[in-house]
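Novice: Single-letter residue listing:
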Amino acid sequence: MRRFVAAYGTALAGLAIFVFLLLVARNFATAANLLNVLKHTSFLAILSVGFTFALITAELDLSFAGLCSLAAVVTGGLVHGGTYWPLAVATGLAIGIAGGLLNGILVTRLKVPSLIATLGTASIATGLAFMITRGVAFVGRWDDEFLALARGKVAGIPTLTLFMAAVVGLGWLVTRHSRLGIHMIATGEAEEEARRAGVATRRMKVIGLTVSGAMAGVAAVLLVANLSSAAPQMAGDYLLNAIAAVLLGMTMFEPGRPNVAGSFTGALIIAMLANGLVLMGAPYYIQDIMLGVIVIGSVSVSASVLKKAAFSI
Amino acid sequence: MTAILSVKGAVKTFGAVEALRGVDLRIAPGEIHAVCGDNGAGKSTLIKLVSGVEQPDAGTIRLRGEPIAFASPHQALEAGIATIYQDLGLAPRMTIYQNIFMGSELERRLLGLKYLDKLAMREESRAWLDRLGIDVTSVDTPVENLSGGQRQAVAICRALRWNAEVIIMDEPTAALGVRETEHVLDLIRMLKQQGTTVVVVSHNMTHVAALADRATILRSGRTQTELSLDGVTPETLSRLILSGAAA
Numbered sequence: 006m007r008r009f010v011a012a013y014g015t016a017l018a019g020l021a022i023f024v025f026l027l028l029v030a031r032n033f034a035t036a037a038n039l040l041n042v043l044k045h046t047s048f049l050a051i052l053s054v055g056f057t058f059a060l061i062t063a064e065l066d067l068s069f070a071g072l073c074s075l076a077a078v079v080t081g082g083l084v085h086g087g088t089y090w091p092l093a094v095a096t097g098l099a100i101g102i103a104g105g106l107l108n109g110i111l112v113t114r115l116k117v118p119s120l121i122a123t124l125g126t127a128s129i130a131t132g133l134a135f136m137i138t139r140g141v142a143f144v145g146r147w148d149d150e151f152l153a154l155a156r157g158k159v160a161g162i163p164t165l166t167l168f169m170a171a172v173v174g175l176g177w178l179v180t181r182h183s184r185l186g187i188h189m190i191a192t193g194e195a196e197e198e199a200r201r202a203g204v205a206t207r208r209m210k211v212i213g214l215t216v217s218g219a220m221a222g223v224a225a226v227l228l229v230a231n232l233s234s235a236a237p238q239m240a241g242d243y244l245l246n247a248i249a250a251v252l253l254g255m256t257m258f259e260p261g262r263p264n265v266a267g268s269f270t271g272a273l274i275i276a277m278l279a280n281g282l283v284l285m286g287a288p289y290y291i292q293d294i295m296l297g298v299i300v301i302g303s304v305s306v307s308a309s310v311l312k313k314a315a316f317s318i
Numbered sequence: 008m009t010a011i012l013s014v015k016g017a018v019k020t021f022g023a024v025e026a027l028r029g030v031d032l033r034i035a036p037g038e039i040h041a042v043c044g045d046n047g048a049g050k051s052t053l054i055k056l057v058s059g060v061e062q063p064d065a066g067t068i069r070l071r072g073e074p075i076a077f078a079s080p081h082q083a084l085e086a087g088i089a090t091i092y093q094d095l096g097l098a099p100r101m102t103i104y105q106n107i108f109m110g111s112e113l114e115r116r117l118l119g120l121k122y123l124d125k126l127a128m129r130e131e132s133r134a135w136l137d138r139l140g141i142d143v144t145s146v147d148t149p150v151e152n153l154s155g156g157q158r159q160a161v162a163i164c165r166a167l168r169w170n171a172e173v174i175i176m177d178e179p180t181a182a183l184g185v186r187e188t189e190h191v192l193d194l195i196r197m198l199k200q201q202g203t204t205v206v207v208v209s210h211n212m213t214h215v216a217a218l219a220d221r222a223t224i225l226r227s228g229r230t231q232t233e234l235s236l237d238g239v240t241p242e243t244l245s246r247l248i249l250s251g252a253a254a
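Taken in sequence, the protein lines are chains L and U. First residue of the first sequence: 6, per my numbering; consecutive thereafter. First residue of the second sequence: 8, per my numbering; consecutive thereafter.
Just so you know, these hints were derived from the structure itself, not from any lab. Worth double-checking, as some hints may not be accurate.
Have a look at the derived ranges for each label pair, beta carbon to beta carbon [said to hold, decoys possible]:
(1) L:L178 x U:P74: 42 to 52 Å
(2) L:L115 x U:E151: 24 to 34 Å
(3) L:A21 x U:E151: 26 to 36 Å
(4) U:H81 x L:R114: 14 to 24 Å
(5) U:E130 x L:V304: 32 to 42 Å
(6) U:T67 x L:L115: 33 to 43 Å
(7) U:Y122 x L:A34: 37 to 47 Å
(8) L:I121 x U:S235: 55 to 65 Å
(9) U:A181 x L:A287: 40 to 50 Å
C-beta: ideal position from N, C-alpha, C; glycine also.
Whenever a hint applies, use it, and build me the whole structure from the sequences.
Specialist: As structure tokens, then:
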């Protein structure tokens with residue numbers, strides 16, 4: 006029983022909040038609004054899965070939002086300037102991957118703690134984003150094919166949802182069912198022991214941070230296509246939202262350990278709460294307070310109570 | 008007797024410290040061999056040489072008579088020498104089977120894609136534990152929930168999975184209670200029965216006398232004595248280590 010609560014308690018609480026909002030919040034239960042929640046969840050979930058990969062190897066990535074903004078303005082700028090859009094998309098993705106790889110090299114080769122290294126790259130990325138845009142946003146009537154990346158539908162399902170499903174599904178498969186995944190987990194759980202057992206722990210950390218950067222690139226392309234504009238701070242809010250989603254996720258399924266299913270559910274809960282609070286007339290600053298409470302609450306719970314409950318037999 | 012593992016004239020210095028100044032070691036196949044000595048005698052350094060963690064400055068290491076040089080612990084492992092350190096090298100929050108297979112996971116292929124064969128790893132883990140007479144409710148139990156003896160068994164299972172012919176155990180009974188200690192000693196005897204050669208580094212002369220067939224006593228970085236332990240009491244052993252007198 007205790008193990009069940011530890012593993013599924015937060016997800017059940019999320020379900021309860023969903024039902025509560027369905028019943029209480031005006032306009033929450035409309036198709037348009039639920040689709041809106043799903044859309045917001047898509048960006049958040051993609052970034053959260055990236056952050057999860059870094060955190061699984063016990064490294065922080067505070068740069069994914071900055072990298073996402075940088076990749077977004079570069080992609081947007083290129084499309085805006087008339088570059089063939091697949092090339093612009095590839096450039097955006099490449100910036101995310103390169104940023105993540107840089108973080109990985111800083112952490113594993115130059116031994117800069119990830120907290121510091123990624124804080125630095127975040128600031129550099131943000132600065133570059135302002136430099137490229139000169140502080141303003143790229144807005145325009147862009148190629149429909151490009152915009153369809155985020156606005157289109159396939160078989161009635163929004164492409165954003167499909168991208169999210171692909172990222173979450175692949176992330177889950179890799180972390181739960183591949184040698185790469187178990188090696189990343191072993192790296193995060195017991196780096197020295199894993200290294201002695203033949204796990205390439207430094208490579209695992211580089212991969213974790215690179216995936217986080219790559220997901221920032223993916224989210225950037227989709228954000229730009231969705232909004233048909235690109236601004237230098239456009240992904241800033243996602244930093245704490247995604248971190249909160251992942252930490253909340255650590256209270257679920259594999260308590261005490263970052264996990265993709267938890268991060269996805271966490272993203273869903275946070276997007277839903279944010280939307281519900283707005284609909285119920287809560288002032289905007291409530292969301293900041295909520296995120297802070299989630300971040301602190303999740304960590305204190307998953308670090309102590311849940312872990313003990315989950316692993317006591 | 009052909010030694011399965013032997014060291015001759017091993018010298019190793021760390022800066023100004025001469026950790027080993029000419030150590031000989033001969034391990035016979037299938038025996039339990041104790042390496043004893045006071046703190047600073049060179050036990051740890053000797054173990055690091057044969058397990059590939061450090062390389063000797065001089066001297067030779069032979070495995071089944073062939074000279075060998077290990078560049079890394081992994082090479083020693085692949086040659087059949089597994090070392091279990093005092094900390095056991097386990098990830099506490101990972102499960103029994105994940106620890107046994109850490110770094111050498113089993114995989115299957117589906118449409119050309121490789122994925123973890125968890126079923127096979129669970130079954131094989133169960134079989135290894137059975138061989139050592141270890142009874143656990145589930146191989147999905149995190150290692151941190153196991154007793155000291157059970158953890159030792161998990162570490163041994165991992166070594167056995169590498170087809171280790173020689174298992175080196177560093178202070179296997181340190182920090183264990185009386186009952187757990189008995190359990191670990193039984194595990195080591197069982198390994199011997201099943202044909203594995205065991206090298207035990209230990210401070211505890213009672214355990215050494217009760218367990219080992221032969222012992223090598225180190226003193227100040229040199230091999231002082233190698234002796235058979237038939238009828239040797241713990242007191243005699245302690246005296247040998249402290250006095251430096253030859254047997």
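Novice: Identify every previously stated hint that the structure contradicts and give their numbers, smallest first.
Specialist: Hint 9 is the one this structure does not satisfy, whereas the remaining hints hold.
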